[in-house]
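Number of protein chains: 6
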Amino acid sequence: MFSVTVRDHMMIAHSFRGEVFGPAQRLHGATFVVDVTFRGPELDRDDILVDIGLATRHVREVVGALGYRNLDDDPDFAGVNTSTEVLARTIAERVADRVRAGDLGGATDQVTGLVVTLHESHVAWASYECDL
Amino acid sequence: MFSVTVRDHMMIAHSFRGEVFGPAQRLHGATFVVDVTFRGPELDRDDILVDIGLATRHVREVVGALGYRNLDDDPDFAGVNTSTEVLARTIAERVADRVRAGDLGGATDQVTGLVVTLHESHVAWASYECDL
Amino acid sequence: MFSVTVRDHMMIAHSFRGEVFGPAQRLHGATFVVDVTFRGPELDRDDILVDIGLATRHVREVVGALGYRNLDDDPDFAGVNTSTEVLARTIAERVADRVRAGDLGGATDQVTGLVVTLHESHVAWASYECDL
Amino acid sequence: MFSVTVRDHMMIAHSFRGEVFGPAQRLHGATFVVDVTFRGPELDRDDILVDIGLATRHVREVVGALGYRNLDDDPDFAGVNTSTEVLARTIAERVADRVRAGDLGGATDQVTGLVVTLHESHVAWASYECDL
Amino acid sequence: MFSVTVRDHMMIAHSFRGEVFGPAQRLHGATFVVDVTFRGPELDRDDILVDIGLATRHVREVVGALGYRNLDDDPDFAGVNTSTEVLARTIAERVADRVRAGDLGGATDQVTGLVVTLHESHVAWASYECDL
Amino acid sequence: MFSVTVRDHMMIAHSFRGEVFGPAQRLHGATFVVDVTFRGPELDRDDILVDIGLATRHVREVVGALGYRNLDDDPDFAGVNTSTEVLARTIAERVADRVRAGDLGGATDQVTGLVVTLHESHVAWASYECDL
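Residue numbers (my numbering), protein chains in the order written: chain A, 1 to 132; chain B, 1001 to 1132; chain C, 2001 to 2132; chain D, 3001 to 3132; chain E, 4001 to 4132; chain F, 5001 to 5132.
Quick caveat, the hints were computed from the structure, so don't treat them as lab data.
Being a predicted model, the structure only gives us computed values, none of them experimental.
Even glycine gets a Cβ: it sits at the ideal position worked out from N, Cα and C.
Watch out, some of these pointers could steer you wrong.
The following label-pair restraints were derived from C-beta to C-beta distances [what the hints assert, rightly or not]: (1) B:1132 - F:5076: 46 to 54 Å; (2) C:2065 - F:5105: 30 to 38 Å; (3) B:1112 - F:5132: 55 to 63 Å; (4) A:45 - C:2001: 20 to 28 Å; (5) A:65 - B:1041: 23 to 31 Å; (6) E:4045 - B:1122: 39 to 47 Å; (7) E:4112 - B:1132: 55 to 63 Å; (8) B:1131 - E:4131: 53 to 61 Å; (9) F:5061 - A:100: 54 to 62 Å; (10) E:4109 - D:3079: 53 to 61 Å; (11) F:5076 - B:1065: 31 to 39 Å; (12) A:65 - B:1132: 31 to 39 Å.
Partner residues are not named here, just some residues of chain B that face chain F (Cβ under 8 Å, in silico) [what the hints assert, rightly or not]: (13) 1007; (14) 1012; (15) 1020; (16) 1023; (17) 1024; (18) 1027; (19) 1030; (20) 1069; (21) 1070; (22) 1121; (23) 1122.
Using the sequences and the accompanying hints, generate a full structural model.
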């Protein structure tokens, strides 16, 4: 099994609803360093799993669409806490859509799974993984 | 599948028995940077897998109980080498006990697995993973 | 010359005023990983420059007072952009006040300078350094 | 399940064939920081999965044989692009051969899988994993 | 004194002339993770030392002009070994030219020094610093 | 001004005398990731400040002589706490002796200063710098 990972980041504001969050119920923010991992059992005829340049560009678009925003105002997250877990899943689903749509070229047929990891600090991070 | 990881560390002394260890048979020590990963397929009604604050507190207690000690004197490790692998398993088992006991709140029902990684230096680390 | 550094972090929301900031004029946020470096030419009679435990506690208080907030609402920053440079200076000044007040014990007489570095992502950071 | 990882690196020149590679079709190079992970369900009578010293030595030999070279001239890679994925697989296969040959001592019977990760920069890396 | 640092990277091939280089006399390559630090005593009216976006763009151009190349063929380095130290100086000089030319906007007047650090691996790096 | 840094590590046991150290008065240990930085204003005729291979070898010897030991038993540290600051100074002095003795080849004349940084964990480190 092969995997290829590219790293990007985004800077967002948000707040959480629920006593469990303590002071994080206040409006605050985060830099999320985002690692998107593409997985698959075979390489293509160019001897790669994905075109890293193409992967980087699509991850940039997906992550960039979330950045420099207050996620509390984003209708896509109405009624849900934008926890690190939820944001990892959202990015994974949006990248998955692009893979399925053929946007990643040859990788469309080869990538069988994704893992998205969001680092919220040097001491905490969360991941979401899914099959394609 | 989701995962959440929190990082802590401990500083311990120990020695190893067995020729395979070479100079590490002498009393020496290590800083272990400890990553504890909680895994599970579902989020709770607060949209999280575990309360990171609560997880951090319990990991601190488990890791803190081992720190600033000579592990050669700890009866829990009598007759066993406190290798990085063994310490990763010990920490995983102790955190697992707390999850099973309900100490991590809602996460008790959601966390289905743990991975504990101990970094002994910038060039070597070991992990232990288990289901709950 | 000796130096000792301790690392902490904070998660904040803010926005910037000025066309130069582009999309960062919108409300967004950041995790700042904060490194506070104490500098001085001599060690004390315990053979240390600062008590790392004490330093860690005071840095935690200074950094914690800024965290989980929207800095746009903080009167201490009225009329100023809370750029990474400005926040590094603010934290340095607040830690410097504590050193001068004798809060860091023996280090009060030994620490002759501070450097505060704020990492806003894996690809950008800023520092402020000052003499005491 | 246990795992032990050791890190090394190599510095190589190469070029790629295929339009997908854009400017990387030109002769260029890379530092690959190489992480080799040994996996297995049981520890040996010394309470370790692998002897880290022995593992480090064999990884050094495998990685060192590739380093300080232009991989375009290496007959082992004739007709194949030396992508990060391909190099991860090559290193995994060569380490696997050594494990199977008994070169890693007791680990020969215990190691049931390998993962090799090559970091080509701070923002991109690739892995290959296999069972033994 | 303030400083702001942005990180980028380049992947190049080269060889060295001189017995001191041992196997690195052969054609090989490197990924250089490049940190460019701008230093200055004052912030501008936007409360920043440099516009990070603008700095990132210019560093990208300077570093990008060197990347995906065999530096042995670059006339700018005729007769000189492209050691990590030499490349750090080259990048510093080229960024300095842009600062002096006013390309970094307000930073032109404020930036009084540069430090460029090139990481050639996880265990070795080199820097060049200069006044403006 | 140029600088070149090489990284190594050591694993030691020790204890501290003095109430300020709290639980660290007990026998414990540490992994120190050691960065040795050589500084100087000029490059030699090979276009380098120091031969990284030679520097790595000498740093290995200096650091290796301290590793896998209980520093409480080392007569070189009798009556002194082996704090991170003290160990940074010790390593700097021992590397400085080798530079002065001509062990680093051409670098003997070029290296005008040293900085040694010891990372005791992911959240604390200390440095000692000196002129030659």
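**Study point:** Non-conforming hints, listed in increasing numerical order
**Key:** 2, 4 and 15
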